[in-house]
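> The lines below spell out each chain.
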Amino acid sequence: MITIDELASLIRQEMRGKLPKDTQIDENTRLDSLGLSSLQVSEVVFTLEDEHGVEFDPARAANAQTLGDLLALGNSVLETR
Amino acid sequence: MDGREHYTFILISALLPLFGVVAAIVLLWNKLVGPADMVAFGIMYVIAGLGVSTGYHRLLAHRAFQTTRPLRIFFAAAGAMAGQGPPITWVAHHRRHHRVADKPGDPHSPYHDEEPGLKGALKGLWHAHMGWLFERGLSSDPMRYCPDILRDKDMRFISKHFTWFVLAGVALPGLIGFTLTGTLFGAMTGALWGGLVRFFFANHVTYAVNSIGHYFGRRRFATPDESRNVGWLALFSFGEAWHNNHHAFPRSASHGMRWYELDISALVIRGLERLKLADHVIRIDRERQEAKALAWEKLGGGRHARSTPAKPLAERRTAAVGIVDVE
Ligand SMILES: [Zn+2]
Ligand SMILES: [Zn+2]
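In order, the protein sequence lines correspond to chains A and B. Residue numbers for the first sequence follow the UniProt record's numbering, so the first one is 1 and each next one is one higher. Residue numbers for the second sequence follow the UniProt record's numbering, so the first one is 1 and each next one is one higher.
Think of the hints as simulated: they come from the structure by calculation, not from any bench. None of the hints are false.
As a list, the in silico DSS-like pairs of lysine-lysine whose alpha-carbon atoms are at most 30 Å apart:
(1) B:K160 to A:K18
(2) B:K153 to A:K18
(3) B:K153 to A:K21
(4) B:K103 to B:K298
(5) B:K103 to B:K119
(6) B:K123 to B:K103
(7) B:K160 to A:K21
(8) B:K103 to B:K292
(9) B:K153 to B:K276
Please construct the entire structure, taking both the sequences and the accompanying hints into account.
This is the structure in structure tokens:
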């Protein structure tokens with residue numbers, strides 16, 4: 001199970017300092033509102049893949065708009081395992 | 001790197017080599033160019049050229065062969081040193097180009113916004129050559145076009161630190177210059193010739209494949225685009241100029257399809273195969289070529305011919321990306 005905290009900390013790590021400390025990150029946060037580049041998004045997605053040993057469907061990952069979408073996608077893959 | 005950062009990079013990478021060439025001409029004029037500069041130029045031209053042709057294009061974008069991890073990293077790093085963009089961006093744009101070649105959505109077609117007459121033709125050629133790089137809105141979502149490259153940690157690393165590889169592409173010939181001459185001046189002119197001047201020539205050859213290679217030359221296969229085989233560009237493009245052959249069989253490791261069609265990149269791949277450093281090399285035999293040629297002949301080729309599916313992948317929200325579709 002991937003949690004929002006795990007995702008949020010990955011994102012903070014990826015943004016390294018460029019994200020203000022008090023930025024709220026939750027399920028409803030939009031990926032584009034954080035200012036993540038496509039490379040940074042993929043870094044997050046594929047790090048999750050590595051750590052949980054699953055494969056996301058890239059087309060569906062590309063359609064994810066919020067962090068909640070991304071979590072749902074990852075966890076649905078984890079469940080079917 | 002994307003968005004504004006990428007745009008700034010493109011501007012610099014277009015202008016700096018131009019200044020470099022001007023500086024080089026001045027030096028040439030004053031006979032301040034030595035054999036060491038030519039060596040630096042030659043070595044770097046080959047490294048960057050193979051990086052783009054064998055690495056970025058055939059290995060990464062089309063998966064024409066497989067190789068060991070160190071070689072994959074070497075080819076991608078060499079391609080990055082060419083200064084045409086990070087591997088992820090390059091591959092995404094390129095696969096999109098194949099997907100909708102010379103049709104709406106193609107990032108660099110000379111028929112992009114067709115206007116009549118010579119002026120329109122020149123405008124189209126310029127757009128396909130370099131103009132497309134300056135288009136601010138252009139982006140090909142790598143998650144859709146090259147998830148396989150994104151999944152590769154090494155490729156993400158090179159893409160992320162791309163600028164350093166470009167700088168290495170200037171520092172390395174400087175080092176060659178210094179080693180050969182033992183002087184700081186030699187290091188500087190080495191960096192100038194093997195770095196900036198080399199960027200200029202090598203990149204214009206790549207751009208020419210995109211512009212001239214879709215405009216002037218012979219068409220062996222009636223592909224649903226305007227790709228051409230441009231023999232005189234074959235040597236300096238390391239075989240990339242057999243562009244009609246390539247659009248006909250994108251995954252083929254060899255773009256030259258006859259014994260007389262010089263394709264250095266294909267020779268390199270064959271050499272690696274002999275050394276057991278490459279496998280799964282994609283070959284298209286003569287029989288398959290003839291069969292496909294016949295089938296296309298019936299459909300009638302060119303940019304108005306139908307290709308399926310008609311829409312660029314990135315614009316289909318729910319499309320499952322079949323890698324086979326885009327490479
Ligand atoms: Zn093409
Ligand atoms: Zn190609």
